[in-house]
Amino acid sequence: MAVTVRIPTPLRKLTAGQEEVKIEGATVTEVLNNLESAHPGIGERLLDEKGGIRKFVNIYVNDEDVRFLENTDTQLKDGDEVSIIPAIAGGR
Amino acid sequence: MDAAPAFIAGMRFRERYASVDDAIADSLLRRVGNTPLVRLRKVAEGVSDRVRVYAKLEGFNPGGSVKDRAALQMVRDAITDGRFSDGKVLLDSTSGNTGIAYAMIGAVLGFPVELCLPRNVSLERKRILRAFGAEIVYTDPMEGSDGAIVKSRELLAENPQRYFKPDQYNNPSNPRAHTLSTAREIIAQTEGAVTHFIASIGTGGTVMGTGAGLKEWNPAVTVLAAEPDNPFHGLEGLKHMDSSIVPGIYHEDRLDGKIPVETEAAYEMTRRLAQEEGILCGQSSGAACVAALELARSLDEGVVVTVFPDRGDKYMTTRVWEFEEDFAK
Chain F
1 MAVTVRIPTP LRKLTAGQEE VKIEGATVTE VLNNLESAHP GIGERLLDEK
51 GGIRKFVNIY VNDEDVRFLE NTDTQLKDGD EVSIIPAIAG GR
Chain L
1 MDAAPAFIAG MRFRERYASV DDAIADSLLR RVGNTPLVRL RKVAEGVSDR
51 VRVYAKLEGF NPGGSVKDRA ALQMVRDAIT DGRFSDGKVL LDSTSGNTGI
101 AYAMIGAVLG FPVELCLPRN VSLERKRILR AFGAEIVYTD PMEGSDGAIV
151 KSRELLAENP QRYFKPDQYN NPSNPRAHTL STAREIIAQT EGAVTHFIAS
201 IGTGGTVMGT GAGLKEWNPA VTVLAAEPDN PFHGLEGLKH MDSSIVPGIY
251 HEDRLDGKIP VETEAAYEMT RRLAQEEGIL CGQSSGAACV AALELARSLD
301 EGVVVTVFPD RGDKYMTTRV WEFEEDFAK
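Heads up: the sequence lines are chains F and L, in that order.
Under this note's numbering, the residue at position 13 of the first sequence is numbered 13, and the numbers go up by one with no gaps.
Under this note's numbering, the residue at position 267 of the second sequence is numbered 267, and the numbers go up by one with no gaps.
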């Protein structure tokens with residue numbers, strides 16, 4: 001099962017400039033772990049030492065903030081779009 | 001009163017005043033600057049007794065931030081020398097505070113304001129801009145503030161006659177505001193005791209302009225910048241220079257150094273400032289404070305001055321102020 005992960009500009013250095021990458025995974029955690037394997041260094045930008053999403057990072061699954069879903073346990077379907085957006089001034 | 005102006009689409013202040021300076025002097029805008037300087041004590045643990053740390057509380061400006069200074073200087077200089085002529089619309093890109101300053105100044109002096117900003121800025125920001133009567137052009141959140149910069153350049157290129165674009169990133173009036181006001185205030189408020197100045201970098205206007213003014217007065221003053229520790233950060237309004245479009249007014253070679261700040265450390269300090277010092281400020285103030293204290297701890301003696309760019313009210317829906325109960329189901 002693969003989803004599309006949209007990468008924000010400040011992190012594209014870690015994805016060789018790619019704006020979107022295809023990543024396998026059935027949950028947000030799996031996708032983020034596999035994202036780190038494919039693009040080393042990106043994981044620590046997104047997750048804290050305990051494996052939680054950093055406070056200032058927003059992860060959206062198809063335009064829905066995962067914090068209002070099941071957070072890192074949120075289940076994903078084939079073809080879902082996962083977006084990483086820095087939480088500058090909150091809104092969306 | 002003088003004869004009625006011939007132009008109908010002109011700036012509204014011309015109906016009453018002979019010059020923009022007169023209009024400013026007779027309005028809320030004369031209250032821009034002269035902000036309080038307060039000593040930080042409780043958060044300054046580990047700092048030598050012979051080192052004092054002060055913050056300029058820029059949230060006391062009428063528009064609520066340090067950007068009132070730069071915006072007013074840019075508008076005033078451009079109206080005075082004719083770059084911002086009657087009938088033009090003020091256009092710029094902004095992550096918020098500069099836009100609020102333009103919008104507030106536009107309301108007072110009577111000119112239209114159009115702003116490009118990333119769609120993910122907070123609802124309060126958008127509403128404040130709208131409240132002052134500004135028009136907003138939204139850009140892709142994935143592109144960050146650089147996306148807004150690019151969009152405003154496109155709009156200007158499409159319609160150069162319609163707009164005056166202050167371009168805070170490249171306008172020398174931006175740092176000049178701080179050379180003329182912030183630096184002089186700091187010298188006066190510390191009674192000439194300031195030895196170190198540190199400010200966070202957004203456009204670089206505050207650190208470059210204040211730094212220039214302080215060094216002109218006393219070349220021995222050390223001037224440093226605080227910046228996010230990596231390109232992907234949550235410190236709104238601040239730039240990680242190595243990964244950003246470097247502003248034309250920013251000259252790193254004139255700084256004595258930079259101190260990197262982690263987003264989480266800045267958030268934590270922002271909360272402490274409210275709870276321990278009674279200063280409700282934005283996260284860029286937390287970042288400036290973290291860096292100022294790191295600098296202060298490295299000194300045996302001295303007077304460190306930093307700038308707290310704005311108040312905290314605009315950030316209440318952001319992560320800095322998120323409490324556990326927000327997620328109770």
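I should point out that these hints are in silico values taken from the structure, not numbers from a laboratory.
It is possible that some hints are incorrect.
[What the hints assert, rightly or not] Only pairs whose alpha carbons sit at most 30 Å apart, straight line, appear in this in silico DSSO-like list of lysine-lysine:
| no. | chain 1 | residue 1 | chain 2 | residue 2 |
| --- | --- | --- | --- | --- |
| 1 | F | Lys50 | F | Lys22 |
| 2 | L | Lys215 | F | Lys55 |
| 3 | L | Lys88 | F | Lys55 |
| 4 | L | Lys42 | F | Lys13 |
[Said to hold, decoys possible] Just a few of them, taken from the derived set where beta-carbon distance is under 7 Å, the chain L residues facing chain F:
| no. | residue |
| --- | --- |
| 5 | Phe232 |
| 6 | Lys258 |
| 7 | Pro260 |
| 8 | Thr263 |
Where is the CB? At the ideal position from N, CA and C, for every residue including glycine.
> For this structure, which hints from the list above don't hold up?
Replying inline: Of the numbered hints given earlier, those the structure breaks are 2, 3, 4, 6, 7, listed in rising order.
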